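**Student:** Single-letter residue listing:
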Amino acid sequence: MHRREFMKITAISGAICLTPSFLTAASTSKFNEGLALYDIRWSFDLSLHKDKECALWVPLPSDISGFQRIIERGDSCDGDTHYESDHNRYTARTFYARWDKNAVSKKCELSMSVALRDRQCDFRSKRISPDEIKSAKVFLAPSEHIPIDGAVAKTAKSIVGSEKDPLKKARKIYDWIIANGYRDESVHGCGVGSPNAMLAQLERDGRMGGKCLDMSALCVALMRASHIPAREVLGIRVGASRLSPAFGAGEDITKAQHCKVEFFIPSMGWIPCDPADITKLVLKENIEKNSPRAIELANKFFGFWENNWMAFNHARDFDLYPANTQGSLDSFGYPYAEVDGEYLDPFEPKSYRYTIRSTKEA
Amino acid sequence: MGRIVLGLLLLASLAHAKEWKLHINGMHCIACTLAVKKALMGVSGVQEAKVNFKNESAIVISDEKVMLQMMQDAVAQTGYSATPNSRF
Chain D
9 MHRREFMKIT AISGAICLTP SFLTAASTSK FNEGLALYDI RWSFDLSLHK
59 DKECALWVPL PSDISGFQRI IERGDSCDGD THYESDHNRY TARTFYARWD
109 KNAVSKKCEL SMSVALRDRQ CDFRSKRISP DEIKSAKVFL APSEHIPIDG
159 AVAKTAKSIV GSEKDPLKKA RKIYDWIIAN GYRDESVHGC GVGSPNAMLA
209 QLERDGRMGG KCLDMSALCV ALMRASHIPA REVLGIRVGA SRLSPAFGAG
259 EDITKAQHCK VEFFIPSMGW IPCDPADITK LVLKENIEKN SPRAIELANK
309 FFGFWENNWM AFNHARDFDL YPANTQGSLD SFGYPYAEVD GEYLDPFEPK
359 SYRYTIRSTK EA
Chain X
571 MGRIVLGLLL LASLAHAKEW KLHINGMHCI ACTLAVKKAL MGVSGVQEAK
621 VNFKNESAIV ISDEKVMLQM MQDAVAQTGY SATPNSRF
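Protein chains in written order, with this note's numbering: chain D, 9 to 370; chain X, 571 to 658.
Don't read these hints as lab results, they were simulated from the structure.
Computed from a predicted structure; not experimentally measured.
Every residue, glycine too, gets a C-beta built ideally from N, C-alpha and C.
Treat each hint with caution, since some may be false.
[To be verified] Every beta carbon over 12 Å from chain D, so not counted as near; a handful from chain X, in silico:
hint	residue
1	601
2	635
3	651
[Unchecked claim] Derived DEER-like restraints, expressed as beta-carbon distance ranges:
hint	chain 1	residue 1	chain 2	residue 2	range
4	X	608	D	263	48 to 56 Å
5	X	638	D	173	54 to 62 Å
6	X	654	D	137	51 to 59 Å
All chains, full assembly: derive it from the sequences and hints.
**Tutor:** Okay, structure coming up:
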């Protein structure tokens, strides 16, 4: 047996041991049914920027008990400084590299093998520790891009009405976003993630267009305004979906970033949902929102994420470590780079030549 | 000879270059710096523009014929506003 294979089997066994009790109760074969292994490789080349100081921050995944495990990690970087850390408010795992202006080659390769598993919430009550409940309350607070007053508060109130059950309130908000939102392909990247901009559009046009960060940020803001802890989860699609091509990616995943939502119910823990992907499904499959297929997948995506998507972090409106020149980042799903302190457009990977590739292992 | 002429032209352009320090209003995230930079670089005669989100500022190098109003109009068209920066 090759060392690499041995390490993977050992690590996957470790992943199983770390799964919550409802997963360990299942058989190993059942666990493996939903397990997918991917090799992911980031390549950066900033050599284009001669005689300029370059700095790069790359969002990386962390282990999530039961659903996501990093098996192997490697890097090859000729930066004058480079290291990995999670020294920021959200402990978002970050690879950092910096090159002096006189560096001739400014190249970096990051690689990892990751095991991903379907995440399916069964909506049964379970024991959630007081510490987890306390730490979830952090995600009730507003941030610069996630207001919970004004139009957001007013809209949240009109959606949830007199409903008291937090799970039912969350579902009402999820359904309302799907009903009123549409995917706008002209939006750059994942969108800007501004709930107020979305609501202003709804007020003006009677519907609101955007992409995943826009829909997810609005969902998070409305849930927080309804006293439900909620957060965006920035990540990336790493392979084909079993459910629809709308939810999948090929091997070049440079532009496959995708944002989902998690909300917290004190008797159940964090629960995923993804209103943005339902609006994408409707557009890509050219189906009606009230078609049986859209309804079926909308039901499924309330409490589910598929094992072809890898989570990075839930950081919004935060400071990078080490500090950048431009100041606080509004989200961290894309690589972030500065050249002589100026921001490089991550939606134009050719401007600093980066690619992210993913290969599913048999 | 060609190199000398090019060098003299470069020196002449630098000698007549103007540096502007602008305060930029309305940027709500780092990505806004791209739109502001693009607007400033679109003004004929602007040679370089560096925009900073944290300081809400821009430093612009231009030739002599560029006027403040030209840059303000260009920035306004992107939904932001530019004023001379008194903080420098």
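**Student:** So which hints don't hold here, by number, going up?
**Tutor:** As far as the earlier hints go, 1, 4 are violated by this structure, in ascending order.
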